[in-house]
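Asker: Chain by chain, the residues:
Protein chains: 2
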Amino acid sequence: MAENHIPLTPAAQYGVLEWIGREYYDLNGTHYDILNELPSPLEFARLVHIARPVLIKAGQMPHLIPLWTNEYLIRRMGDREISIAATPTGRADAITRGPDGRLYFAEPHIDKMTMGTFLDKITSCRAEARSADNEVYYLQSQNGNMYTGRYFELTSDPDPSEFEPLREDIPSEITWCSEALDRCPDAVNLWIGNSASITSVHSDPYENIYSVIRGAKHFTLFPPTEGWCLMERSYPHARYARSPTTSRLELVPSPPATPEVRWSSLHDPTDSVTLPSEAHPIHITVRAGETLYLPAGWWHYVRQSEVTIAINHWYDMESRGASWVWLSLLRGLRDPPSGNGDTLHVIDRALR
Amino acid sequence: MAENHIPLTPAAQYGVLEWIGREYYDLNGTHYDILNELPSPLEFARLVHIARPVLIKAGQMPHLIPLWTNEYLIRRMGDREISIAATPTGRADAITRGPDGRLYFAEPHIDKMTMGTFLDKITSCRAEARSADNEVYYLQSQNGNMYTGRYFELTSDPDPSEFEPLREDIPSEITWCSEALDRCPDAVNLWIGNSASITSVHSDPYENIYSVIRGAKHFTLFPPTEGWCLMERSYPHARYARSPTTSRLELVPSPPATPEVRWSSLHDPTDSVTLPSEAHPIHITVRAGETLYLPAGWWHYVRQSEVTIAINHWYDMESRGASWVWLSLLRGLRDPPSGNGDTLHVIDRALR
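Just so you know, the protein sequences line up as chains A and B, in that order.
Note that the first sequence ends on residue 352 in UniProt numbering; no numbers are left out.
Note that the second sequence ends on residue 352 in UniProt numbering; no numbers are left out.
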C-alpha cells in the first residue's frame, strides 16, 4: 500500500503499532454487534463508520437454502466446466514449504470439471474430508465469479460468468449495502468447499458481506490494528501444477522475476501458542441463513465444518478521508523482511 | 487524550506524523464538498464517514434570517442578563502574554448585561470594531447556552438557558444529523460577535454543524492529520478580571495548581510566514443561510467580517471503532513541551 516508508527503526515502528493496538483494544475489546434483522441503508452506513464486524442473524437469500440442493446445482449447471482450486493440503493462497525446503506463497492448481464432478469430490469424502484422489478441491475463484464490477457498467462488454445459470438466483447487489456505500459491488463470489479447505489469515481492502447458504463458516478475526501481530513477511511465489507423468500436484516455484508476496507467517492464528499475546482474536461462526459484515482491512482466517456454500459481495472501501491512510499506516510502515531471511529470529523477538 | 505515551523520540514522532499528514494530503488535497441542499440522514452518514468539511448552501433555520433583527432579539430577551465574554484583545481562549512577560492560555472575563446593552456595544463600534470602552465583547459561552445534553434526558432536571425566550426559534436538534449519528446533540450554542472577535485555532472532539443566521464566518481549517504543524504547547492558565479600582480588564494568572492547558502556539494560522509548509489550510466562508459541517477533530480558526450571529450543534463523535484512537494518535503521542520552556527553539526546529 504505502510507497513512502516512515524513517523509523523496527523497534520504534513496533512501539507505535503496539500502542495503537492496545488503545484500540482498550476501547473496543472483542465486542461485535449481533443484529436479528437485515439493517436499513442508514443503519448499515453507521456500522461501516464504526468498522467492527457484525453478525446478522438473517440472510439476503433465504430462498436459496431449500432451493440449492446438490441435485438442483448439478441440473442447472449441466456439463459446463467450472474452475476449481486443487491443492494437496487444503491451503490455497497460503505459505507452504516447497520441494527445495524454502517457504513459498502457494497458489492452487486450477482444475476444470463439472459441478457434478466437483460436488461428488467434496461430498463423497474419505478421512479428513479428502476426496478419493487425496486432494482438496475448493470453489474459491474469488475473481467475481458470479459478477464483476463490469456487470454494473452498462456501456462495457458483457461480464461472462462460469456460473451464468445460477445468476438468476443471486442478487447482483445488496441494496442496503449499495445504498449505504453509494456504489455497486466490485465483485460477487460463490464459494463451495468442505472442512478440508482452510483460508489462511489475510485482509482485503473491501467492505465484505458474507452470506452463508449451506453449512457454516468459522471466522477468526483480528482488527486492522492487530495486523502487526500476524507477522507479515515477504515470500517468493509458487503455484501447484500437475506432474505430466503422475498427474499428482507439485509445488512449482515461479520465475525469480515474479514479485514476492507479502503474507502472514502465522499458520494457524487460532493456536494461542504461536499467536502473540497482544492479538485478540474474535471467533464468529456464520451459519446457513446468516450474514457477516466484515469491514475493510479486518484480518480473517476461515474454516468450514462441513460442505459449505457461501456468497460474498465485495464493495470498494471509501477512499476519501483517512481510512486508506489508516490502513496504510497499520500495514505499510515498512516493507516486511523476507520470510526465508536470516533476520527472522531478530524480527520475531521484536514482535514479542 | 492519550494517557499512555508511545516511547518515541521527538524526531521519530514527527517522522510518523509528517508521513501521515503527507499521505492524507496526497489523497485528499484541500477539496471540500459543496451541497446545494440539506443532506438526507443517509447522505450525511456517508459524509461523517469521510470526515471532510462540507459547505451546505442551505440552512436549517431560514426563518430566522428575516426574523432575528436587533429589535426582535432585544424585545424577546427584555431585561434578562446574559453572559458575555469580555477581553481587551478580542481573543478569548487564546495564548496571551501576561503582566509578567510569560505566555498564558487566557480565558475571558464574563460580564453580565442585557441583550440591548450587548448589541449596542458590538454594533456602535469605533475603530477596529471596538466598543466605546475599547473592549471586545463576544457572546460565545459555548456551554450549551441554548440547549445542553440534559435537555434531551427527559427524566433529569430541567435545562435552564439564559436564552430561554429564543428557544422557540431554534430547533434543539438537526434531524438529518441526529438520525445519521443516532444520538441527540451534546450542546447547542448561540454565538454573536463582530470582526473584533477571533477564535484561536483549536479542535473539538465533536461533530459540529454550524448555521450562520446573520453576517459571515470565515473558517480556516486543517485536518486532524496536520495538527502537528500547529505547534501545540503547554501553557499556564489565566483569566481576565476587572480591576477593582479602574474596572479595566487585567490578565490574572490562575493559582499554580491549576492544570496547564495544551493549545496551539500559532497566533494566526492564515499567516503563511509562520505556518509550517506541511500545513494546507482550507478557507471556507459561511454566509447567512448557509451551514458548515465541521468534522470531529478538525482544527479551526474563525473570524467574522461584521456583526455575525450563528448557531452550532455539537454531537458527540462516534467512540466505537478507530476514530478516537486515530485522533489520539495524531494529538496525543506525547505531552507537548512548555510554551514558555527552554526547549522551544529545539522543538520548533524539529517541526520545520
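Note that these hints are calculated values from the structure, not bench results.
In this text, all values refer to a predicted model and were calculated from it rather than measured experimentally.
There's no promise every hint is true.
Identical copies go unnamed one by one, so any copy, or any two together, can satisfy a pair.
[What the hints assert, rightly or not] Cut-off 25 Å, straight-line C-alpha distance, at most; resulting in silico cross-link-like pairs (SDA-like, lysine to any residue):
#, residue 1, residue 2
1, K57, G321
2, K57, R262
3, K112, D93
4, K112, R22
5, K57, H109
6, K112, G15
7, K112, P205
8, K57, E179
9, K57, T258
10, K57, A11
11, K57, R248
12, K57, G149
13, K112, V273
14, K112, E250
15, K112, L27
16, K57, E260
17, K57, D271
18, K112, E179
19, K112, L35
Asker: The structure should be examined with respect to each hint, and the outcome stated for every one.
Answerer: A quick look at each hint next to the structure:
1. K57 with G321: between (31 Å within a copy, 22 Å between copies)
2. K57 with R262: neither (34 Å within a copy, 47 Å between copies)
3. K112 with D93: Only inside one copy: K112 and D93 sit 18 Å apart there, 71 Å across copies, limit 25 Å.
4. K112 with R22: neither (47 Å within a copy, 47 Å between copies)
5. K57 with H109: So K57 and H109 fail the 25 Å test inside a copy (35 Å) and across (57 Å) alike.
6. K112 with G15: Classified as neither; 48 Å inside a copy, 51 Å across copies.
7. K112 with P205: Close neither inside one copy (29 Å) nor across copies (56 Å); limit 25 Å.
8. K57 with E179: both (20 Å within a copy, 24 Å between copies)
9. K57 with T258: neither (43 Å within a copy, 52 Å between copies)
10. K57 with A11: neither (43 Å within a copy, 49 Å between copies)
11. K57 with R248: neither (42 Å within a copy, 68 Å between copies)
12. K57 with G149: neither (27 Å within a copy, 34 Å between copies)
13. K112 with V273: neither (39 Å within a copy, 67 Å between copies)
14. K112 with E250: within (17 Å within a copy, 86 Å between copies)
15. K112 with L27: neither (48 Å within a copy, 42 Å between copies)
16. K57 with E260: neither (40 Å within a copy, 50 Å between copies)
17. K57 with D271: This pair counts as neither: shortest intra-copy Cα distance 28 Å, inter-copy 56 Å.
18. K112 with E179: Answer is neither; intra-copy 37 Å and inter-copy 51 Å both fail.
19. K112 with L35: neither (39 Å within a copy, 52 Å between copies)
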